[in-house]
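Visitor: Next come the chains, spelled out residue by residue.
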Amino acid sequence: MGASKKPVRGSVFFHEVVGATAVDPHLEACLQCGTCGGSCPSGNDMEHTPRTLFAMIAAGMRETVLRSNTPWYCVSCYYCMERCPQEVHITDVMYTLKRLAIKEGFSRQSSAAQAPAFSETFMEHVERYGRSFELGLITRYFLRHRPLDTVKIAPIGAGMLRRKRFDLTPRKIRQIEQLQAILARADELEGIARV
Amino acid sequence: MQYGYYPGCSLERNAGAYHESTMAVAGVLGLQFTEVDDWNCCGATEFFSVNQMQAYALTGRNLALAADQFAPQPALPVIPVEVAEPPQLVAPCSACYLNLSKVDRYLASSPELAAKVNTALDAGGLHYDPGSLRVRHLLDVMVNDAGYDAIAARVQRALTGLRVAPYYGCLVVRPGFQGQFDDPEYPTTLDKLMRVLGAKVVDFPLKAHCCGGHMTQISEDVALELLRRLLKNAADYQADVIVTLCPMCQLNLDVFQRAVNRRFGTNFNLPVLFFTQLMGLAFGLAPERLGIGKEFVASRPALAKIGASGEAEQERAVGKRAKRRNDQSLPMPYMPEEEER
Chain D
27 MGASKKPVRG SVFFHEVVGA TAVDPHLEAC LQCGTCGGSC PSGNDMEHTP RTLFAMIAAG
87 MRETVLRSNT PWYCVSCYYC MERCPQEVHI TDVMYTLKRL AIKEGFSRQS SAAQAPAFSE
147 TFMEHVERYG RSFELGLITR YFLRHRPLDT VKIAPIGAGM LRRKRFDLTP RKIRQIEQLQ
207 AILARADELE GIARV
Chain X
217 MQYGYYPGCS LERNAGAYHE STMAVAGVLG LQFTEVDDWN CCGATEFFSV NQMQAYALTG
277 RNLALAADQF APQPALPVIP VEVAEPPQLV APCSACYLNL SKVDRYLASS PELAAKVNTA
337 LDAGGLHYDP GSLRVRHLLD VMVNDAGYDA IAARVQRALT GLRVAPYYGC LVVRPGFQGQ
397 FDDPEYPTTL DKLMRVLGAK VVDFPLKAHC CGGHMTQISE DVALELLRRL LKNAADYQAD
457 VIVTLCPMCQ LNLDVFQRAV NRRFGTNFNL PVLFFTQLMG LAFGLAPERL GIGKEFVASR
517 PALAKIGASG EAEQERAVGK RAKRRNDQSL PMPYMPEEEE R
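Those protein sequence lines, which keep their order, are chains D and X. According to the numbering used here, the first sequence holds residues 27 to 221 in order. According to the numbering used here, the second sequence holds residues 217 to 557 in order.
If you're looking for bench data, these hints aren't it; they were derived computationally from the structure. It cannot be assumed that every hint is accurate.
Said to hold, decoys possible - Listing some non-contacts, in silico: residues in chain X with all C-beta distances to chain D over 12 Å:
1. G363
2. D365
3. E554
Unchecked claim - Across the chosen pairs, the derived CB separations fall in these ranges:
4. X:R445 <-> D:R93: 27 to 37 Å
5. D:Q112 <-> X:Q218: 34 to 44 Å
6. D:Q112 <-> X:N485: 40 to 50 Å
7. D:L187 <-> X:D254: 23 to 33 Å
8. X:G243 <-> D:E150: 30 to 40 Å
Computed from a prediction, not measured in an experiment: that's the story for all the values here. Beta carbons are placed, not taken as given, at the ideal position from N, Cα and C, and that holds for glycine.
Start from the sequences and build out the full structure, keeping to the hints where you can.
Guide: Written out as structure tokens, the structure is:
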């Protein structure tokens, strides 16, 4: 923020995004070449391609960016990051935008409104048991957030159970208290932005 | 050879077949996989979307536990520990592999982040020095450490006539946080491995495209289209089976294949198996030991082809074409009727 080594350039929002990303994503190096959007498997369904989104970040269009469905349709496949000639950590920027959108409550209005709920339900189970519990995750996520779709997913759940591909009960790690203490400390640190 | 082994949550149950077949095949090849004691979930793609420091700390705990458990014991106290190669940690799941290698590299590149993660780990009495482990994907270990020759030497029931579409998905070859063992856009190690087993590897231009990961749970519109492309591509090249190296890819392509057919009016019937299952079959192991039969799209009809081992694939009524390329030329798509025999 204050005594930064580089001269301050770009919008306030640009610095917010970079500052909220743990490892510098080199976002200032973006050339606007569009390789990212051209490589993206779900680019067609995005409201803005990554390239457009980065131009909007530089222009300080905070709310439009955080309301965009783009980060939520990012499938974290790293195709863009592999091909980016400037080595911008695009996938990491998308994660940062997701976190900021959740913080502002914008995420619930995008066309991928259920994505944060899925992530949070997943995390609840990991925090409680130390490992993912798929049957619990799917059941809780659908009943709580997508009750009308439960009929659609039920045959798949039944098929998974029949093939013994779902556990009926969660598996808990032995040192769950240790993990919980680590996650609690990490959560405290989450609030402190990168200098 | 000795390795630390991080199975990940999927291999405990939904991809139990991957774990079983990995262990069976490793046994045949003399690879020793020792599970990381009391490991936790890697966080998949979910933690990074919500809580960044928790995401790093979660994987940090796994790295710290593994580095501790597999720390090299110097034979002579004179030899500095840095001389020794770091112990190796193998992950069969692409997402686990990505998270473990990414967090290790990011901590190495940012001492500030490493300090924070260690502050979190300290709450559980743990500590991790970046670079203490070398994270490898299972495919890398199979083809580069065990090696094609040793694998070929174990083949008892060649997969002759089985048309295999090798599917790499995204995270195994990209972005290579701890070095790339294969080309990020047109990988070929799995192709070679399948050929060594005797299978007919079909061209599969979408072999390194994404299966959509968790999108099946979030937006069917996005997810099913990604899956349709992959299935169509494999079907166009007349594959009998798609072979994969990631539990998420297997789950999406297998379990949601019916949903794809329903939505697009298609009729795909492509079994999706793990590469270790096909290795096991080629090694002559019983299908039951390899978790075969747990897939939604049954693989038995396709595998009947190799039950009749030695029977050559039926020649198609296609005129012989001149060879258009050699091994040095750029990889280009080719259709089944253009395949070399």
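Visitor: Could you run down the list of hints and mark each one as holding or not?
Guide: The hints, checked one at a time:
no.	hint	in the structure
1	G363	holds, 27 Å
2	D365	holds, 30 Å
3	E554	holds, 27 Å
4	X:R445 <-> D:R93: 27 to 37 Å	holds, 28 Å
5	D:Q112 <-> X:Q218: 34 to 44 Å	holds, 40 Å
6	D:Q112 <-> X:N485: 40 to 50 Å	holds, 44 Å
7	D:L187 <-> X:D254: 23 to 33 Å	holds, 27 Å
8	X:G243 <-> D:E150: 30 to 40 Å	holds, 37 Å
Comparing the model with each numbered hint stated earlier shows that all of them hold.
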